[in-house]
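Protein chains in written order, with our numbering: chain A, 28 to 330; chain B, 155 to 520; chain C, 40 to 349.
Hints were generated in silico from the structure; no laboratory data involved.
Because the structure is a prediction, the values reported are computed rather than measured.
Treat each hint with caution, since some may be false.
[Claimed, not checked] BS3-like mimics (lysine-lysine), calculated; alpha carbons at most 27 Å apart, straight line:
no., chain 1, residue 1, chain 2, residue 2
1, B, K227, B, K378
2, B, K257, C, K67
3, B, K286, C, K237
[To be verified] Partner residues are not named here, just some residues of chain A that face chain B (Cβ under 7 Å, in silico):
no., residue
4, D181
5, D228
6, P242
Just so it is clear, CB atoms sit at the ideal spot from N, CA and C, and this is done for glycine as well.
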Amino acid sequence: MSSLAIDKAGPRRKVKYGSMSRDRVWALRWSYFFLALFAIFSLVPPIYMLITSLKSSAEISAATNPWWVYHPTLENYIALLTSNQFLRFFWNSAWVSIIVVAVTMLISVPAAFALARMKFWGSATLATGVFLTYLIPDSLLFIPLFKMFALFGDWTGIPLINHWYVLLLVYPTLTVPFCTWIMIGYFASIPKELDEAALIDGASWLQTLTRIFIPVALPGLIAATIFAFTVSWAQFLYPLVFTTSTDQLVMPVGIITSLIKGDVFNWGQIMTGALLGAAPPLLIYAFLMDYYIAGLTAGATKG
Amino acid sequence: MADVSLRKVVKRYDDVEAVRGIDLDIADHEFVVLVGPSGCGKSTTLRMIAGLEDITDGDIVIGGDVVNDVPPKDRDIAMVFQNYALYPHMTVAENMSFALRLKHFPKGEIKSRVDEAARMLDISDLIDRKPKQLSGGQRQRVAMGRAIVRHPKVFLFDEPLSNLDAKLRVQMRIEIKKVHQKVRTTTVYVTHDQVEAMTLADRVVVMNKGRIEQIGTPNELYHKPATRFVAGFIGSPAMNFLPCRLEDAGGRLNIRLTDRLSFPLPPQRAARYQNVPRNDKLLLGIRPEHLTETSAHLESGVEPFDAVLDVTEPMGMETLVYFTLEGNQVCGRVSPGAGARDGAPLRLAVDLNNMHLLNEGTGAVL
Amino acid sequence: MVDVVFQSTRVAESRRAGKSLKVALQRKSTIAFLMTLPLILLIALLVLYPAIYAVHLATLNKAMTKFVGLGNFEFLFKRETFWMVVEQSCIFAITAVIFKALIGFIVAHFAHNIPTKKQRKWRGMLLVPWVIPPAMSTLAWLWLFDPSYSAFNYTLGFFGIGPISWLGEVGWARFSVILVNVWYGAPFFMIMYLAALKSVPEQLYEAAAIDGANWWQRIWYVTLPMMRNIIAITTLFSLIVTFANFDITRILTAGGPLDHTHIFATWAFRVGIEGSDIPLGASVSLFMAPILAIAAVFILRDISKRGNEA
């Protein structure tokens, strides 16, 4: 007498094996399809820049198929890379960016260390305050800064307007707050016991910063450096406002104002210039993509 | 001379008093363990000795000097942390030599000290590895090595074994004891595990709610606890506490547990408790090993009684038995062959020569 | 007895040393302060002060010789261009942010679906718009939109669609400006959302699937609530940044045609720098302030909420 008679008469469901994995395969196919679509959308402009840069002016004005180069030529590249003016732009941009990166790190790292580790009166408010000032955009500040620098030049005789070194003053306002924020996040994630061990081992605050925190938070430092460099390199508004003479211009402004002479746009050269101008950030991105992205997301997710 | 003294040390956080006036004298070369439940103030006390926390009131003296305002690095102490706190970007050798390098010790001296400590701790072949390549036990040894090379006046250990699994903990306990035998540095060791306290310490300081309950050698604390807290904290399984009362019956002093259960006290106990008021609410403190199975020949002071077991826990070497007396769970230890079974009755005997009598209200041991 | 005397001298010495050490202890907060001083100075002098100075400037006349109070603002309110700028700024910012968030969210989902090893490659490609300096990439778009040589018009020609005046016609110009901004900004959202998607525990989806939810319900009931914080923060951030945008509009249309694509930043530049009327320019850019302040308040609330949740 079995109490466990299996009900053979009950309705049986037809089980479809493999339907789940088929769904997954289709989901994957659709994903790749749309990703490819968006990738094309993302890459069209830079690829078009490349295509155009390899065209001679003759080919451009001939208005043949814009998506293909029939007679590729490097004349645009040669023209720009031998042009003193263009090299001057590159040089100015490089100088400004490198110095700004150095200045930014010198200001941000100690400040972040103090804010993350050394609790002092007002440190929490200061940290949030730093974050908030990042929300005051350059498009609000450029006018009063313009007037301030003009006045400064009048009062002290040191000309600021129309000199590339004025950018060294204003660029840090764009890079320092966010870099400080990034570093605070990284420093805060270092376990407290490490400070205490260093304290007991006999390290001063400075030694703790330089021999422990900076090495351990190196990825954050790299991310912040990349961020500061890219922001400085790409800046457009401030240099547009503060510098006008050709030899004081940085890349973004230089390309736009000098290659567009009157109504004649030398598009071949313009696209070449734009591509060369975009090269440094793109190269850094290609080799250090993870740090690049870490810098971006650090602010929000570690915040 | 590396003796440590705490005099009326107090630590207050806003309105909360974490440490409420501690007096403690630790002699040179002594291994003292601060033990107690979490929140009792033992870690805070250790950190005050280290200089990682400010002292609200009182004095801490190391080697004869008051060090209240002296920063950690000038106190000549070394500390081993619960989470090891090894510098992740440095090798084992660099971790161990960091403090010495900061003080600009000559390279030869640094190398010899590091090698000596590495040999002592059996980590000589790990010298060039980074912390993330080491296991938990190895990391703990490196942390100890870091402390040893400094030849400090005092070692401070902050629950160093809590992050290790049970087997490793036993091993490391032995290592620590061996190191202490070799190096003989004054040590203050904090733990919540009373087994560690008992096995490692020269003297144990039991703390509770910011105060010291009792200071003594492990034996003293085990056999002569001064308060209910210490009696219940030391020893595993814990001591049983049964409400009881003293009564005079037929010229003898008896102790009455329930309506049906009452035992005559052995002579020395009867003498000791003669003056305890008979109306007082008292607790009988009896350790599980003194509640065993009855035998044919019982010594004086050992009284038999019947109990119905709730649960038995066969441990191999012995069997723990649990039964209920007037709503209180009681634990006893019998030998494996005593025939203890869940739910079955068993005749037990209580050894009143090893009893403790406590005042229920004050918790004091009489 | 001697012991006690001995002890108290030691204690006295230490107490005296203690006093100067108290000073040393104080040094911790002085050191900390000194370390943050450059940061504080930088922000005070080059961010906070100019912001306040802008308010002062806005109250002056064109030659900056006398105080005209709210005269500049009155003047602006009467100008039709001003109201166009307000309208366009709002349309631009809100539309662009919505599309950026939407596209970023959708692409992040697709990127999350594919195996992790392949994700890196795709992520690399999709982030390129964000990496290229906006000034450079906008030039490419300018060329793509060129009235005579537009590559888009060339391609559309094959489908019989007539040449579109991308930057010449008001409606299309507005569309183009938003398109370029979305192209530039969507990758940022995608990266953020992808990171957030990875942090949603897989088990929640499994539980929802067992409970019978389809893909849409899973997004609505599991993904979105878990990502609420990051969606809020990125949206607010982007609103602020897009609202204050300058580069793209300036290069593509310079505000045209006929001032119809001007936003606050570009118009402030036109009026203040090109028109040499600094006070008026300052007044224009100040109109961004209330919006930024409101957004900042929301962000602050969100951050402190997240801090409490953590």
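Exercise. At a threshold of 7 Å, is the proposed contact between P242(A) and chain B supported by beta-carbon distances?
Worked result: holds (4 Å)
Problem set entry | Given hint D181(A) near chain B, where the shortest CB pair must fall under 7 Å | Check failed: Cβ of D181(A) comes no nearer than 51 Å to chain B, outside 7 Å.
Problem set entry | Minimum beta-carbon distance criterion (7 Å), D228(A) to chain B | Holds, because the Cβ-Cβ distance from D228(A) to chain B comes to roughly 4 Å (cut-off 7 Å).
Problem set entry | Hinted pair K227(B) and K378(B), Cα distance within 27 Å | Outside the cut-off at roughly 40 Å; violated.
For this session: Could you grab the alpha-carbon distance between K286(B) and K237(C) and see if it respects the 27 Å cut-off?
Result: holds (25 Å)
Exercise. Between K257(B) and K67(C), does the CA-CA distance stay at or below 27 Å?
Worked result: Judged against 27 Å, a Cα distance of about 21 Å means the pair holds.
Hints 1, 4 from the earlier list are contradicted by this structure; the remaining hints agree with it.
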